[in-house]
Amino acid sequence: MSKKIVCFCHDITETDLINTIEAGYDHIEMLKRFTGVFMGPCQGKMCMQNVLKIFARETGQPIESLRVPTLRPPAEPIPLGSLATETLRGDDDKE
Amino acid sequence: MIKSNYDIVIIGGGVQGLALAYNLAKNKFGSIAVIEKSYIGSGASSRNGEMLRSAFASNEWIQFFDKSMQLWETLSAELDFNVMFTHCGYLVLASTSKEFELCRENVNTQHSFGLKTKLLNQRDVLKLIPALNPEMVSGGTLQSNGGFARHDAVVWAYAGAAKRLGVDIFPYTEVTGIQVEAGTVRSVKTSKSEISTSLVVNAAGGHAGDVAGMVGVSLPSQTYRLEMIVTEPLKPFLHPMLASLNTLSYMHQSTRGEFVGGAETETLPPAKSLKSTLVATQDMARKFTKLFPGLASARLMRQWGGIVDMTPDIAPVIGPVKKIEGFILDCGWVYGFVGAPAAGELLAQYIMTGKMPPEIQPFNVERFEKGEPIIDRSLVVPSETETEGGAA
Amino acid sequence: MTDNLRIHHHPVVNFNHGKQISIRFNGRPVPAYEGETIAAALYASGIRIFSRSMKYHRPRGLYCLSGHCSQCLMRVNGEPNVRVCQTIVKENMVIESQNAWPSLQFDIAAIAGKLDFLIRPGFYYRYLIKPRWLYHIWERFLRNAAGIGKIADNSKPPSPVKRIQASPQVLVIGGGIAGMSAALNAVRSGAEVWLVEKEGKLGGRLQYDTREFELPEKGSKKYAFEYVVEMANKLANYTCFHLLTNTTAFGWYEEDVIAATGPGKFWEFEPQCTIIATGSYETPPVFENNDLPGIFLSTGIQRLMHRDGVLPGKQTVVISSSNEGYVIAKQLYEAGISVLGIAESRSGQSSNACPEKDFILSKNIPVFHSHKIKSAIGKKQVKGVVLESLPDPANSNPGTETKIACDTICISGSRAPANDLLFQHGCGGTYIINCPDHFIRKPEVNNYMSVSDGLYAAGEAGGSNNIKQSFIEGKIAGLSATKYLGIGDRLTDEKLNIAVEQLQR
Ligand SMILES: Cc1cc2nc3c(=O)[nH]c(=O)nc-3n(C[C@H](O)[C@H](O)[C@H](O)COP(=O)(O)OP(=O)(O)OC[C@H]3O[C@@H](n4cnc5c(N)ncnc54)[C@H](O)[C@@H]3O)c2cc1C
Ligand code: FES
Ligand code: FES
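Chains as they are written, first to last, in the numbering used here: chain A, 1 to 95; chain B, 1 to 392; chain C, 1 to 505.
Calculated directly from the structure, the hints in this document are not laboratory data.
Even glycine gets a Cβ: it sits at the ideal position worked out from N, Cα and C.
Hints are supplied without guarantee of correctness; some may be wrong.
Derived DEER-like restraints, expressed as beta-carbon distance ranges [claimed, not checked]: (1) TYR172(B) <-> ASN434(C): 27 to 35 Å; (2) SER103(C) <-> ILE2(B): 57 to 65 Å; (3) LYS26(B) <-> GLY428(C): 40 to 48 Å.
Using the sequences and the accompanying hints, generate a full structural model.
Following this line, the structure appears as structure tokens:
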């Protein structure tokens, strides 16, 4: 059968997600860590909605009852070089 | 359902608490409960740098952690879950001649304890990792049986094996108080119910201080935040784990190809927050692009913070406290990931027999009162007890 | 090399393709026009597979063209993992594909797709434990296969980037219609407004949208892209307006600093007021073969057609769940593509009328109500689509399949608010269902678009789902900010109340 890819970045299919939840990884954080969804170069922009939808459906929770997590930077992938900034006066960075 | 009585209650469902629970159950200790306030592994245990090594520089550290490294070799089979231990080696990088001298001394010590570490010169290091900036390389020590394992997998493996042996694990349950009568532990209050017990283990990671506070004990440690960053996946360029003495940073390339690294940003005060700071992010970017100039165009993709309970000498505190009967410490962990298999096994031995195994005996909490901290000069975290140049 | 996908005449958009130049892709020359993206040049020259997926090495093509999906990562002038849909061509640029051998078109490692059980998470944790050498072999294989692009081979650390700390009165993040509307309403009171925009120009996604509509107080109908150009021009007249283009605000850190990076500069903002107007990401439904090259998100198609002047294909089927499907179908038709059908999940009764729908019906384009996409047909490129009818009183046989041959599938997806910065900052919010089969992460805002003192969310970032709403929300946010700063006049309140009323209507 053809694959239904939910997470493009890590090639995670709908079946993978369902199996993982069935195996007991039923916290969204565990599902993420087990399969790698949200952790690809798109940072979950492409799969977040669909993963949450499948997660809610498979665990029998309404979407509205899921807690919105605190997100972390960066909102976009940023080259390390552009973060390697000069140090300002007052910074006690020692070289 | 939480039963009303357990022979032992372990506070904290991180790798330490779970490893201990597993080892107790394996030795048929009795009824065991692990109480975790969030999901299993939600603390430092699944936020760490995944680094496994025993090539430290002191008697105490080497003995204990090498015991752990031996256990790591067979951990997947023992727990019947592949923890994905990748034997890529662990390189401690020296960038200056002074650091190189330190490596040389450390290798001698390590050899005297039977470790098979190798001293590498600049050429050897650059051959192993050509992407390194030659100006940052003067040599290093390589421990070839070091490496990394998937932190989440380790947590799940221990939790799964412990459950199969009858351990009750209660996630999303917070310990809110501990009842002590006449200097002896009587019960544990949780957000769900009260459990009577005479033995409590404090394996609460970054919250160990709060838990100790529940019985009126103050720990010598403080909670520090450590931060890490991850880049987009790159083709393999960094085979071994790498720790840089010069920049106080540690890094590796994950099985997905991401560059994963963390560093000590010395200006940051103790904190319990898990948020990311801009200072640390910039600091890490500077350090990593200095070590690997090619990383300048690699994109930062994720970052996070985790908290650890850090003692003045960075070594853990394991064992009983004098004042309170039945209150056992398994905290102060900064290298608690690599140390978990040994700590779990040895602390279980102590709890079962009352005899303190020699490998963990040095890590008693009294060492600070006595003014006898353990000095190890191979750590990539700044220790307060170090006099010279912080890190070494 | 065919040039027949280039649009030369368009009823609405005028294309001035720049000077012709040459770039190199995997060693051979490819013609390109100055000012266009690498993606456009490659696509127009016939390239369809832009990358291979990380694990199964599945072929992937252009998809979002907005820098969101990361399926167009290539090596550009020695720099790995560059999003070519967001990168402008330069003479003699060297572009190389990544993670495929011997070529993108034929990649041996795609065998992984057949041996997929070996690399599924459930497999490797449970097996390969004993004997240990088996795991070592597998692990070595896995590690060598990892990654996408090769690390760049610079030998010197980069020179440090200049850090600039700024505390503007108002910082607007995102220069789409909501952000511009907010900025305009704030500069009119004389506030010092800084606007940070990730792309090269103001306008957001409406720059590439040819729909016509009417904004409140504006009188006549206009094309979307005309509105945004007009607003950008107005803003340019204010000396208290400061625009930073090609600058991405990516983090709201614990120090309460908003970090942004732009060409050669690193910005650390501590504004008095912040307006988040970062728009949304279009997200697709899940179906069989949903990652096949030739499947596009509708905003991706708009960018390809109206930004780059390149057609995605010759024949397309549109998949949607709202009137947006008709909007994009009309635009495809106008650009010169045969629209073979529109599948929409709503039933005939619940699908309300709109001018674009009338247009589609007048052209006799078949509309499949109560249909969803079941699968895409094709191995390396779309050859067709299978639609499936949904349960609905008007459908006698739910589950009936309809096959249509086509070379492009246009997905009009749902919109997920791009409100990451707000949630990094720790604002409150919930997931809410905002239309059937779709939910969003919605920040808690009051009637004045305020999340907390001095912090506002406007437009799709805050959960708006139409242009007028985004425009008005921007206005409210801009006015609220001036009021918060204490620099509004007596008209500010009046304007605010009118706008709030308009919104509730
Ligand atoms: C960024 C970072 C990098 C690191 N890198 C390495 C490395 O490379 N190698 C290495 O060996 N170590 C490393 N460490 C350290 C290592 O992760 C820790 O030492 C180890 O995980 C500690 O395990 P633990 O079980 O003691 O603590 P934790 O994993 O923190 O577990 C403690 C648990 O207790 C729970 N808890 C707390 N209070 C309560 C309460 N009142 N009631 C119920 N539950 C409670 C918490 O929720 C938590 O899950 C790193 C740590 C960090 C943060
Ligand atoms: S699609 Fe899942 S992380 Fe990118
Ligand atoms: S990121 Fe370029 S097509 Fe999506």
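| Honestly, which of those hints from before does the structure not fit? | No hint contradicted; all consistent.
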